[in-house]
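Participant: Sequence:
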Amino acid sequence: MKTASDFIRDDIKSMSAYRIADLPEGFIKLDAMESPYHPFARFPELSNEWLRLIDQAPIHLYPNPAASGLQETLRKAFNIPESAAIALGNGSDELIQFMTLLVAQSGATMLAVEPSFVMYRHNAELYGMNYVGVPLNEDFTLDLPAVLSAIDKHQPALIFIAYPNNPTGVCFRREEVEAIIRAARGIVVVDEAYGAFSRDSFLPQAGSIENLVVMRTISKIGFAGLRIG
Numbered sequence: 001m002k003t004a005s006d007f008i009r010d011d012i013k014s015m016s017a018y019r020i021a022d023l024p025e026g027f028i029k030l031d032a033m034e035s036p037y038h039p040f041a042r043f044p045e046l047s048n049e050w051l052r053l054i055d056q057a058p059i060h061l062y063p064n065p066a067a068s069g070l071q072e073t074l075r076k077a078f079n080i081p082e083s084a085a086i087a088l089g090n091g092s093d094e095l096i097q098f099m100t101l102l103v104a105q106s107g108a109t110m111l112a113v114e115p116s117f118v119m120y121r122h123n124a125e126l127y128g129m130n131y132v133g134v135p136l137n138e139d140f141t142l143d144l145p146a147v148l149s150a151i152d153k154h155q156p157a158l159i160f161i162a163y164p165n166n167p168t169g170v171c172f173r174r175e176e177v178e179a180i181i182r183a184a185r186g187i188v189v190v191d192e193a194y195g196a197f198s199r200d201s202f203l204p205q206a207g208s209i210e211n212l213v214v215m216r217t218i219s220k221i222g223f224a225g226l227r228i229g
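Position 113 of the sequence shown, counting from 1, maps to 113 under full-length UniProt numbering, and the rest follow consecutively.
Note that these hints are calculated values from the structure, not bench results.
Just so we're clear, the structure is a prediction, and the values are computed from it rather than from any experiment.
Each statement offered as a hint is correct.
Calculated lysine to any residue pairs in the SDA-like style (CA-CA distance at most 25 Å, straight line):
id: 1; residue 1: K13; residue 2: V132
id: 2; residue 1: K76; residue 2: S219
id: 3; residue 1: K153; residue 2: T109
id: 4; residue 1: K13; residue 2: V103
id: 5; residue 1: K13; residue 2: A104
id: 6; residue 1: K2; residue 2: L126
id: 7; residue 1: K76; residue 2: I218
id: 8; residue 1: K76; residue 2: I54
id: 9; residue 1: K76; residue 2: P204
id: 10; residue 1: K76; residue 2: L46
id: 11; residue 1: K76; residue 2: D200
id: 12; residue 1: K153; residue 2: F140
id: 13; residue 1: K13; residue 2: M1
id: 14; residue 1: K153; residue 2: V118
id: 15; residue 1: K153; residue 2: L126
id: 16; residue 1: K76; residue 2: R199
id: 17; residue 1: K13; residue 2: R121
id: 18; residue 1: K153; residue 2: E125
id: 19; residue 1: K153; residue 2: V103
id: 20; residue 1: K2; residue 2: I12
id: 21; residue 1: K153; residue 2: Y127
Using the sequences provided together with the hints, build the complete structure.
Facilitator: Written out as structure tokens, the structure is:
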């Protein structure tokens, strides 16, 4: 007789949970970019303002699904072009999931470099996509010929490029990322989760290149608990 577990996909059952490694002694944890300081520590007056806004929040009603007010605030704060549409998610993890779901048809392929953010591969496997990981060079720079060859061979529906890369910290050469965008027929997601630590960004090009999606998050600038991507 079958049990409930028998109805769960074998590939799902074989997956392991996402675990945060213990911090070795003497190391400073930078990957999550969690601020050790409370945002109101130096400005206690902000705490009262925060409480006032919460008190006025209409939590008895469903929120505006477009979050238009927040969108406009983010557009101004990050200088997002008016030509670019904005989609919000529960952190960039949910946006990665959304982007994967958009293209997850039978036989579709996702491409990313490796090592990079583990959630790219995880979502490809979760939604039954083919996954192609292109190894970086030994110094963690982009192996552009290998990436372009893989694009030509596999015609990926979705490409993820972390810019700067996570976990290596390397910011690939801009012209190399531009070459990938030009070569791709599918969607190219430039994941700028750590964009605050780079002098360059593809945000100014958002909305002007048809197959380009730029992802940002406020998690890596000290507000991880707000879960906004």
